[in-house]
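J.: Put the complex together from the two separate chains, hints included.
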Amino acid sequence: MSATTPPPAGQPTNRVGLTRADYDGSRTTLCPGCGHNAITGGIIQAAWEAGLEPHRVAKLSGIGCSSKTPTYFLGHSHGFNAVHGRMPSIATGVHAANRELTLLGVSGDGDTASIGIGQFMHLVRRNVPVVYIVENNGVYGLTKGQFSATADVGSTRKGGEASRLNPIDLCALAIELGCGFVARSFSGDQKQLRPLLKAAFGHRGTAVIDVISPCVTFADHEGSTKSYAAVKEHDAPLHDIEYVPYFEDIAVDYEPGTTRDVTMPDGSRIVLKKLEVDYDPTDADRAWTVIRQARAEGRLITGLLYVNQKTQAFDVERDMVDAPLASLPLETVRPPRAVLDEVMRAYLDGAVAAAAGGG
Amino acid sequence: MVNDFSIHVATVNGSGSQTANNVLLRAILQMGVPVSGKNLFPSNIAGLPTWFTIRVSEAGYLARRARNDVLVVMNPETAAGDVAAMGPGSAIVINDTLEVPDVPADRFVYRVPMGKLMEPVTTDVKLRRLVVNMIYVGVVAQLLGIELQEIDRALQAQLGRKPRALALNQAAVRAGAQWADANLQKADPYRVERRDLTAGRILIDGNSAAGLGTMFGGVTVVSWYPITPSSSLVESLIGFLERFRRDPKDGRRTYAVVQAEDEIAAIGMVLGASWAGARAMTATSGPGFSLMAEFFGYGYYAEIPAVVWDVQRVGPSTGLPTRTAQGDLAFAWSISHGDTQFPVLLPGSVHECFEFGYRAFDLAERLQCPLFVLSDLDLGMNNWMSEPFVYPEQAWDRGKVLGDAELAGLAKFERYADPDGDAIPYRTLPGTKDWKGTYFTRGSGHDEAARYTENPAAYVKVMERLKQKMANARELMPAPEVREAQGAEVGIIAYGSSHWAVIEALDQLAAAGVKASYLRVRALPLAAAVHDFTRRHARVYVVEQNRDGQLGDRLRAEVSECAARVRPVLHYMGLPLDAQTVTDGVLAHERATEGAPR
Ligand SMILES: Cc1ncc(C[n+]2csc(CCOP(=O)(O)OP(=O)(O)O)c2C)c(N)n1
Ligand code: SF4
Ligand SMILES: [Mg+2]
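Going down the list, the protein sequences come from chains A and B.
Each residue of the first sequence is one higher than the one before, counting from 189 in this note's numbering.
Each residue of the second sequence is one higher than the one before, counting from 144 in this note's numbering.
Source of the hints: derived by calculation from the structure; they are not laboratory data.
In this text, all values refer to a predicted model and were calculated from it rather than measured experimentally.
Among the hints, a few may not be true.
[What the hints assert, rightly or not] Listed next, with one range per pair, are the computed distances between beta-carbon atoms:
1) B/D390 - A/G306: 30 to 36 Å
2) A/T331 - B/S186: 44 to 50 Å
3) B/P599 - A/P220: 24 to 30 Å
4) A/E485 - B/P599: 49 to 55 Å
5) B/M606 - A/L518: 33 to 39 Å
All C-beta atoms in this analysis are idealised placements derived from N, C-alpha and C, irrespective of residue type, glycine included.
Chain B with its partners taken away, still in its complex shape (with noise of 0.2 Å):
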């Protein structure tokens, strides 16, 4: 098993693994194998177990495998099951002061004293505990062939202004991969051989990437309220501010960030800014998302632009909040009370991520709505190979706003009004001088120069414009991305992290002999390529991470005459999307129609 298997590593949440997982993980990167990175942690700081797996696919698959092969046991809590769980030919390396139950001789179990190894690497206890993490990322090393001088650059690279705790940590990690050289009998067929397939990769996460790319986007006011799985993009975004967007002259904020109180006030401040003419946006989760909604609709009536980044996590209520799901789409699709209608990016990559950072606010701005970013757990907080990120060509559209200089040359402004028949109305900005631009924003009825009114014709006139508005925005959101498989009757669609299990299920079913063409959504409403798309195949699978199905629902609304092949395939535990399950959920289906007339 050259270069295709996953490392499981069980440790105690708060224990300190972080830094030697990703050291393994970047020393394979750095021997050119493509991985990722999935940390499986639960809701709490330190005591809990916690989980971090390394797919290493020379294939390039990037999902989650449902199959551990090698596994490192550090946790007593959870190492009976942990042992337990792995499969006949797998690889064990567990601490030597831990009870396991017997482990069948199809196993390969390889015992490490790695407290003992510790001894002679520092006398300093506490250190001690944090450090003998190192001991298993050696002894991983010198198991599946991990170059031992890629580990230390991967360690240099995270250590190297901190020199007394590198050269701890490479101490440590020599002990083990010495250790393991001079008393390990290698029996387990994983391997990891050196390849020239990342050259020029990055790791990332998609929370990082989309605080870049909010950065990117000229942001300037952000308000939030911290929430797993969210909190750790506004936190790189706020690490990207201090360090590039201050004034070159006096050094003075060309941003501001407000944490707010919570995240009612955090989508309020947001509008706030927005009216004013920022481009200001926030990230939350489930939870923080719900409590926003009354301002959602105020932003769609009022015609504010916005723009929020909804990490998702396990619902309903706090549900499971360290785990991945999708399922905030239909609730985001119209999250207000009345009629209410949002447009959605659905970023499928961390490279996506980046992009919708900054092009979120240029369709928000254009849309003049609150437009939502759907990211999830898996994709936001999980490690992800990737191209590095294209800097923006172009420069950005602030959408329908008049200034002075517009406004002198017209006869009347009407801020509801339609004058150029796209659905979609001017604004100005407080501060503007000329009167003819003053104009009061209300959530209650209004006619098209912003009137307060009750009559009816007025307020159904708003409100055809604004359906028409996201008619439109159709077309204007990023369009859906298309593998045409030539004469394939099978379809699959899917959206955001889910992608990368597709596309290696597409993998699976060609092999099963199933042929299958593609589409991702990357945005509501549904461009018109994905309702053709549905009607091009005889049966259409749509795979998402949520209980109901909810993409497939508003796909079976929209093309009602091919509601009956629209299916379902979800996958909704809490775990990262898999391409096993969305393999055997499409061949349960085909299995069961074939020989059914068509």
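If we strip away everything but chain A, and leave its shape as in the complex, we get (with noise of 0.2 Å):
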């Protein structure tokens, strides 16, 4: 199959002239219910809605369950499931090889907040673009239900043991670290979590989105703060999210006054309708008051977090040429001879400070 393969008739297709089906991948080997299932779903439909060119999207993602997901999602994107934790530095190489692909990693909350929270926190301190989904259960569902960093104080596991030390909350770190989009959802409110993810895609720079993904096999049960049951009860969404690509000219009609525009560097809005209080995510102060009072109430506060399109990217920063560095010809990135010959003229005058000597 091929992209200018014509869709099947009656199909809808979207801006690229794809199929919602041309998104799927192949099916999923995880358990039946599990919450990165639902994930998977959404990032297949994000990504048609928003006319993402398969090819030009690489997936990526550490060791677990959930990042064995981007196997089942974007079959025709090149795809690299590295080791665990892992995930953030080959997102780096790839994005400076390759700064026109769009790079949609998925990782787990073991993957991202235990194993790989050094590599984590420096790609975000790099603004390596990036959409950065973790799949956040709790615990670590591949290795059978051990507790990850993000398990809540008191959590249980299935034999009863409950967490004790305090979880790493990946968002507010994600704010602490300078990320310009953080965004926290739910496995089950697909409401949300398409528009975040579209909004994600237009992001230039890291976009971090916790999605919280009950695991039912190990952490769906009485006591764990992320089965299903847990989740639905204290989800406290902080606003309605529409998103409102520059390619559609929708009409979103709310009142005036009930919401909040976030213009994407491209055009896109994201609209946010006020609930009961009116949040503000370009305010990383209330961010965190908000994420730590939730906490201390035993809340979910899922929505748009936080977002800043003025940060610089990392490809902006390292002051990149605009050329993809891996299809430079060998006339770019091979100097001409003469440079060879200034340098060794230097060697040979001694003009050169010779890197040994003594101290």
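T.: Here it is as structure tokens:
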């Protein structure tokens, strides 16, 4: 199959002429009912709606049940299932080589908050353009249910053992590290997840989406704070979210004064409909306060926590040429003979301070 | 002793002796006499003792010499030991404020009032402390007959852009030389005499050479985490890239260098970039190399190119971080878990550091796997005389990559199939439009079409091909360099920086009546020529700078019928290898075998 194959008659196509099925991957091998599967569905739908061209997307992941999912979506995109906790470094390298690719990273809470916390933090700090999705279930699913570093205090394992250590809040951490797009969502809330994903695709820089994603096999019991029941009970969305891409001319009819708009670099808009309180997602201090309060009250705050379109993405900060570095021809990357002659002359004359030579 | 001796300078780390030593080194070179400079420094920024040795050798020997002939003593802390280590007939230049025990009368001691000589040069006390080193330059030049105009030229080349510093340094050199001329009675036999043996030669360290070669290899992505002795490789590379790899139109960079958070991230970035089609590299040393091990296995199994320089230092663990060794060879060969094997380049000269700098990419991309270049601290951080480097004549080899144009003509693409029968598959890059070219890269079990599998036969098929790929690499990698002595029973095998001691040892052995052939290994896997050499010689000495004889072990495993004839000559104390150690090692065995049935 190639990109030019006409879509089957009757199937709706998106702006790049592809059907939703063109964004499918292979069949999932995860447990039926696993939250991760729902996120996979959300990614497929959002990518289709956003009209991502599959060949321009690179799917990246670490190791874990969550990290397996890139095979289950966007089957026509290149993928890289890395080693445990190290997807961020792969992403940084891929981006450095080809800044035209849209990077879609999927990780787990163990993969990101435990073994990979260092790489995650440095990815965010460098502001490498990646849509970084954490499928957060509070446990290591793939190794059968041990606590991860996002497990809430008091949350129990199946055998009853409670987590005693303070959890790492990846969203608070990302904001602290200067991330320009930080959201939290729930695998069961596709209405919220999809527009968040689409907005993240349009962000120039690291976009972190921490998606609470229940593990039905090891963390869906009573006592687990990330069971379906617990999450549904405590989910407290900050706002209703609508994403209006630049290429779609839809009017969103909300009453004046009831929404906040965030305009993306490409002209797309995130429309946030106020709920109980008027949440300003451009205020980092506010975001921290809300996250802290919610944790104290046992509520799960979801929505667009923080957005800042003025951060400088990694490729811009590095002052890289426009063309993907991987595509540069030999003439561009091998300086001419005269350059070697010049350098050799300097060494011949002793104009280069030799590297060694004593303190 | 004309043009055949060593000058040993003992100073304090961070005292600014670097310029002084380089000036001496260059002035001798400019007089047409071959030199090499070796820096013995502590793991410390300032305050601990450091030594710099200049070997002057008309014969062109560049290896360390075990014995020093001329000593300059500037460090009170080590003075006594430094002086005691000098043998009869040696010359000792000493700052007269230093206390040393009585020196036997058969050593020639020159006490120099360095502090006093500095007084007229500058009133600035701090400057005096830094420039005082130039006093010994002047004294040594006067004593050894190093021409002052060459000292001046060398100073000029290094400080030409700082006229005030230049004048100050020149004044100090003069003060030293004039004082020595007026007050010292030359009694030692050491002298430098002008020759014409160094025309067109450069002095350069292996790390700068490697950085330069890397740039000419067309590197686009570099990620690294600083560690001695590899840091200067990347730092010199950055210097070259900043100067020569900016877009001529807008000055933007045609490369990206990332200082990673650790070596795991560094190799991850390299693999990510290579996977996406960039020429990517990193440089590290033992501890960092260890951290990269998991990712190397990934690169091996998923077949992703990567160029990794390991500038070896003494291990295990932190070991002696500023001392040289060749201890990582066995580790490099199969560094990751499961069955893994990696191609390894073993540069033996700064020239080869440059050449392998660009060739490493061709080979890694051709072989689609991480490839290691094992240099060492001696090669990487010391000054070596060399012919100027030669511009790479050939275009690059990007290996088997299918783009949209090639894919259009294909019915199907299978990432891990072997359509050419050379065990090397084709790869595609993300960004390729044609959906046929899409595949999923994973470190878990995969079949030829890159699909996940735990099927035993499919797993074995890929693993067997990988093994075959490395077997084929034997003849793709640079061939060993052989100096055959017709009819010799003794064969010597060495690699890397050991080369220089070995070629000198060959002359010593010849003088002792031992005829020996020499093979320098330049890569793993070992070429058939290495096996043949081993079979051709009755006694094969494998010279290595490690404790366990790591190359010898490989050789014994691969040429098992000759295992008994492979004998280690080992040197692993952290100092660069010297010829005498090699000669003594070989002779000890040779004498023991003499008369024994062969
Ligand atoms: C270096 C390394 N250590 C340990 C493992 C074993 N391991 C596999 S997945 C995993 C945890 C995954 O947890 P998480 O990222 O939360 O993913 P989930 O399965 O919960 O989606 C661990 C510890 C490994 N693959 N690699
Ligand atoms: S073990 Fe848990 S996380 Fe893994 S697939 Fe099953 S439900 Fe999902
Ligand atoms: Mg998990």
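J.: Identify every previously stated hint that the structure contradicts and give their numbers, smallest first.
T.: Hint 2 alone not satisfied by this model.
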